[in-house]
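J.: Top line first, the protein sequences correspond to chains A and B.
The opening position of the first sequence corresponds to residue 1 in my numbering, with each subsequent residue numbered one higher.
The opening position of the second sequence corresponds to residue 280 in my numbering, with each subsequent residue numbered one higher.
Please keep in mind that the hints were generated in silico from the structure rather than gathered at the bench.
Heads up, a few of these hints could be off.
[As the list claims (entries may be wrong)] Taking CB as the label site, the calculated pair distances span:
#1 795/B / 197/A: 56 to 62 Å
#2 193/A / 764/B: 24 to 30 Å
#3 128/A / 524/B: 53 to 59 Å
#4 788/B / 48/A: 40 to 46 Å
#5 547/B / 167/A: 25 to 31 Å
#6 167/A / 803/B: 29 to 35 Å
[Unchecked claim] DSSO-like, lysine-lysine: derived pairs with alpha carbons at most 27 Å apart:
#7 568/B / 584/B
#8 208/A / 584/B
#9 179/A / 584/B
#10 757/B / 208/A
The structure presented is a predicted model; accordingly, all values stated were derived computationally and were not measured.
Where a beta carbon is used, it is the ideal one built from N, C-alpha and C, also for glycine.
Each chain, letter by letter, is given below.
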Amino acid sequence: MNIGYYPGCALHGSSNDYEQSLRACLDVLDVQLQEVKDWICCGATAAHALNHKLSLALPARNLALAERDGLKQLFAPCPLCSMQLLKVQKAMAGNGLRAELSQIVEADLRGDGQILNLIQIFQTVGLDKLKAAVKEPLKSVTAACYYGCLLTRPPEVVHFDDFEQPKSMEAVLAAMGAKTVEWSYKTECCGAGMTMANEETVLDLAHKILSNAAAHGANCVVVACPMCHVNLDMKQAAVERRYDEKLGMAVYYLSDLVGLALGLSAEQLGINRHFVTKA
Amino acid sequence: MSRIGIFTCWCGENIARTVDVDDVAKQVSSLPGVRCSVNYKYMCSDPGQAMVRDKIASEKLDGVVVASCSPHMHLKTFRKAAQAAGLNPYLVEMANIREHCSWVHHDRAQATAKAVDIIRLSVEKVRNDVALQPIRVPVTRRALVIGGGVAGIQAALDIADAGYEVVMVEREPSIGGKMAGLSETFPTLDCSQCILTPRMVEVGQHPRIKLYSYSEVEAVEGFVGNFKITIRQKARYVDTAKCTGCGECWNVCPLKKNPSEFDFAMGTRPAIYIPFPQAVPARPVIDKKVCAALIRNGCKLCEKKCKAEAINFKDEDKLVEEKVGTVVVATGYKLYNIAKEQDKAWLSGYGEYGYGKYKNVIDSLQFERLVSASGPTNGVLKRPSDGAVPKKVVFISCVGSRDNAKGLPYCSKICCMYTAKHAMLYKHKVHDGQAHVFYMDIRAGGKGYDEFVRRAIEQDGARYYRGRVSKITEENGKLIVRGADTLAGVAVTIEADLVVLAAAMRPADGIEELAQKLNIGYDEFGFLLESHPKLRPVETNTAGIFIAGACHAPKDIPESVAQASAAASKVQVMLAADELTREPEIAAINEQTCAACFTCVNTCPYHAIERTELRTGKGAFIKRTAKVNPGLCMGCGTCVSVCPSKSADLQGFTEQQVYAMVESLA
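Looking at chain B on its own, in the form it has when it is part of the complex:
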């Protein structure tokens, strides 16, 4: 016979206004198994919690129902209180008579009756509750950071500086990400490389950061605290241990005219190259698609020239394994492919702007390289077609952003700011030049941001037109830009020397495959999903995996860095303990009745169920069965609903409990 205590809360007026709490407490006191029933104005307050503790002790309660708000709000509070009084916390249930009752009803009599029913359900649940113990999981006290852009760098340094080992995986030959290629940054116009490269060096030299550059995450196994990561180190054809980064190889390489990825094809690089002089690690890679030695066993000048004997044309991809406890995903973004072949059919591009057709129509990252001191033109703005300094430049914002018809519905957030910056940088470089900006709205929320845009307009004379550009054509080397100024209500035609398109931000290539490997969610555009948009912004729904930077949503540098530090602090919380504690409300498989159909294995969204065999103590085979990995299971209950033999059940939410609850209403 159970001894259940019911604690009905008024929540000040929130519940008591609509629900007759005295009557409720009286009615539920006669429910089967109920030992005592009280009500109080604020059950979550100190005296309220003391009431719960005292009753547990005085009435020797073996179950508690708190009828108050949502369990999201105070379940933890009351479980702690019960635990303090010596009751297993998983014998405490909440009956939500606020959100589910008093807040949504007006009729006092009906609401009171409903509150009684809600409590009746919870009493049945508690009657069928069993004491559970939290799951303890050992922790590998290391973190993996995927992506070596500014967000990844920040997260890795924060975690490593806190004393934990970090494994960083970067797909490109060097860390630095998009920020390494930017010229200057808004709203302060400080040089991007000057602030980033010292941080890159810190990563490269940090005793607790193990950097895998030119590498990708191949496979992810395990669960929170115990991930096993397989990393593919792509064949670099250069032994990074022997290489001194002297540069003889890339100077001697005869194949110098390959479009540079780092310069977004605005400049060239040799077949053996480092992406930029400040690269970390400062070790070259060979582009196997163009190297004559790798294609037809020719040339090999670099090998002859290398005193360190670091060139290895026989290099192959290597798979290495790393064990980590947590993962930070910081894979960043790419720009929307304007008018090129799209990876999604619904992105039909902006053919009217002639990107890819007219050399002098470029995107914003290409412009960054053209005005960067370290860029292909050494910071002198020269247009791609003929190297002339453009005297009139048109910037078009929202190319692909906020466009349901042929792009993406979301705002890319940073374009208003960098377009103002571009207009400014242009004026600083070409004093007699004129910048024209077409915009839809100017979104400049942020510290010093709107002032920055005003500066571009008022001090640097950028001409802003609120309206879209309909078409760009090329006549006699000039780009004829036809657009609308919707504030003045006139059509505008500008003969420009250069057009810069502020293309939308999209998550980096391969994000969906990576998210699938990590078992984390992503939205229809490929941006990774946070666990809660307000309260858990850097967590994912998979325990132990965090997100930072533009892989989550369009973001500028300050925001990416802030989010990276937030993710790093979450990682540190997790790594600070030897063991992780997880809620025990997860699935369990009855090995006796399991028919080994493994439907659950195939449907589990977290890959938390594995195939196993039951054997006798002497090792003789008994039967095959499914088994839940308590580190991975998130307690969603999918396996319970698909199991044909009813062998899967959710601890703390068993089928028996649910049926008992339903029957109590009959």
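Next up, chain A with everything else stripped away, as it sits in the complex:
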């Protein structure tokens, strides 16, 4: 299977462990990623704070590049990136912005491609096929699936899963033989980019998320977002210091656990590069 790939800034920078993980994992599943040439930043949270049109034009350019490359499906592993791509598709469908955005990005935008997040990639491969490929069932894993804000929101843009009580990540992990827990912070915010401006807020949120997962019996938290991973994994030591509490909660990308079940090693998946290592 050949799928278009829009890595976004994070996966080529601070979260390149995420890219390593999903590339290794998808390789086993025979999914080839065709990276969009000359892609640019999606605008993230900065663009829409400055200028609405800019926040549409940036992802529109990426859409145009993907369309130029003939990519019918585009995988954006960062939920903010995929939401931005879906947002511009919605804006083009709803009103007359298609012509204007086409003019700005100097391409004839169609906006008909399918934008996929990590969970949807696994759904596209097929849970049956995933299950059949399992070599090492994740018997010891009891995961708290953490969706964060943007995987399911805004629902009218992303149209993915039940946005308050999602279940799709659990279904992927169940196919891998892992157990999952029902817990309370599945779709709460981790603080995201606040980690730069107001660290205390992020530490507070991360503390709530991690301790709630532990209280519900999880031995790891699973994410599908680079930012969530930063705040829960990299910042976990700071959380422990601030609250004087040992958490030691492993935080995995969904592709890490799928990869482990498919027989890959922690090193192949880049799990050894995480900050929290399992005791």
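Given chain A, work out where chain B should sit, using these hints.
T.: Only chain B this time, still in chain A's reference frame:
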């Protein structure tokens, strides 16, 4: 040659201020066919009407144009006046020079010219009018009431007490509707069952009410005065004639743990059951989805125990026919399905409240059962998860109501009141408990209503927060309710034992199918449409069909009852006469030119056109043709516009008339 009289009205100043009525009367007097033209200050007054009558007699008029207000206002008045003078009333037309002219213009010269044109049109119409006779339709002097909730009960009793027979169809095994399950009612806190069950018994025992419980309307044929209703009596597996309602069967039934529909799954019932002890009729039904005898031919303990030999496992659905003259629809409401699979894609639910996930998050009808003396806990408030008495309860109003994003835009109207009632009842049952209420606005319009809410706050200490709840989570058996108090500008977190969601009101399931069978309108939410929101609030656009209660819009009990009595009185007016008179301005098909394509049959919104055959006196087939049923036709004219052979026409509004009117302006 016609002899038309034109009567131009000043409407006091309303017309005369903008339109030069003297000039108008003078100008139109020379129109072809006009015999006389007069004007007067108030044409609708007694002397004005006398002027019309006198001129008809003295000038031997064969047509009248009254140039005044809208025909909605006074067409009937002037037709009556003409009839009194011996003129066929359908030879009277109105030229609307008030709403269509004087009220919307300022320039006197232009308005005067326009008034002349409007009258010119009406004169052409009258010139082409023919005398029509009102349609007389025989009436079956019985009424059908669909739905046996409080509205249906009220309508049925009013009609039956007036001396007419009533057929009542109720879908559930017992009548009583939602009200039968309520604990106490606002604003008086009188016991719901105590006031309703005697009325239910009255229905059950009334000599003029024929009750079909556990039955649904299958098909509707006919028209006002002459409806033929097919009723599906669902297989009950109990012979209601033999059954004495002794209760041996449901006591002996071993399958006792089925969620009770009547208790909204807060309690259980056996496979053979009556929904509640005061059920009318007090006859059980067998749930075929769980009964062992019906699934695998096992058990049959109830059959062995029944001394009356009333159990019949071979029972099947039966179709029966009833003839009625009018119909009252009173099918009531259901609650918005919070965060469950929705029947409409745009209702995406309230997943953040965890309804269906957390046992202690319930909806308001479930709460009613938990505090009802006849409920599954015998009136002791116990929370569903562990039976503990909740010490802190959060009530959230507007769940699904007034929410364009994920619910319904309308206000459900009764939730503010019943939530205040819930907070009160809770305090009366759990003295050391604390009720917290999150609200958007408190809408307590009604007699004694606002005082009632104040009582909940001031006497029973309910804490009201103006704001929404964003999320409910469960930690260690407590529900963590996070919300906003927007008046204080602070975030609020409450650790509650029980959360009650005041879910929006929606029309009962199947309302759209029923409305289609009855040919009555409904809005985008499924609520039935009234004919006029102010002046015809219980009529529908289909003659002979009336609406009452929450099937029309969210309503409380007093309003439902009032509307039911209004519908009943409309029914009585209709049933009081042997014949109904209907306006003759309906469609007619020219059988000679009809090409029998039946496009009209398929497009008629009232199903008023049927296929028929023309035969000679001896019965030999001549041709096929379409035919209008005068009892059903509402005169909308859809058939006229679709007929390819121009064989359909509207009496009193013929194509010829319309063309003549248009040409008169040329």
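J.: So, for every hint listed, does it hold in this structure?
T.: Hint-by-hint comparison with the structure:
| no. | hint | verdict |
| --- | --- | --- |
| 1 | 795/B / 197/A: 56 to 62 Å | holds (58 Å) |
| 2 | 193/A / 764/B: 24 to 30 Å | holds (29 Å) |
| 3 | 128/A / 524/B: 53 to 59 Å | holds (54 Å) |
| 4 | 788/B / 48/A: 40 to 46 Å | holds (42 Å) |
| 5 | 547/B / 167/A: 25 to 31 Å | holds (28 Å) |
| 6 | 167/A / 803/B: 29 to 35 Å | holds (30 Å) |
| 7 | 568/B / 584/B | holds (21 Å) |
| 8 | 208/A / 584/B | violated (60 Å) |
| 9 | 179/A / 584/B | violated (49 Å) |
| 10 | 757/B / 208/A | holds (17 Å) |
Hint compliance for this structure: hints 8, 9 are broken, all remaining hints hold.
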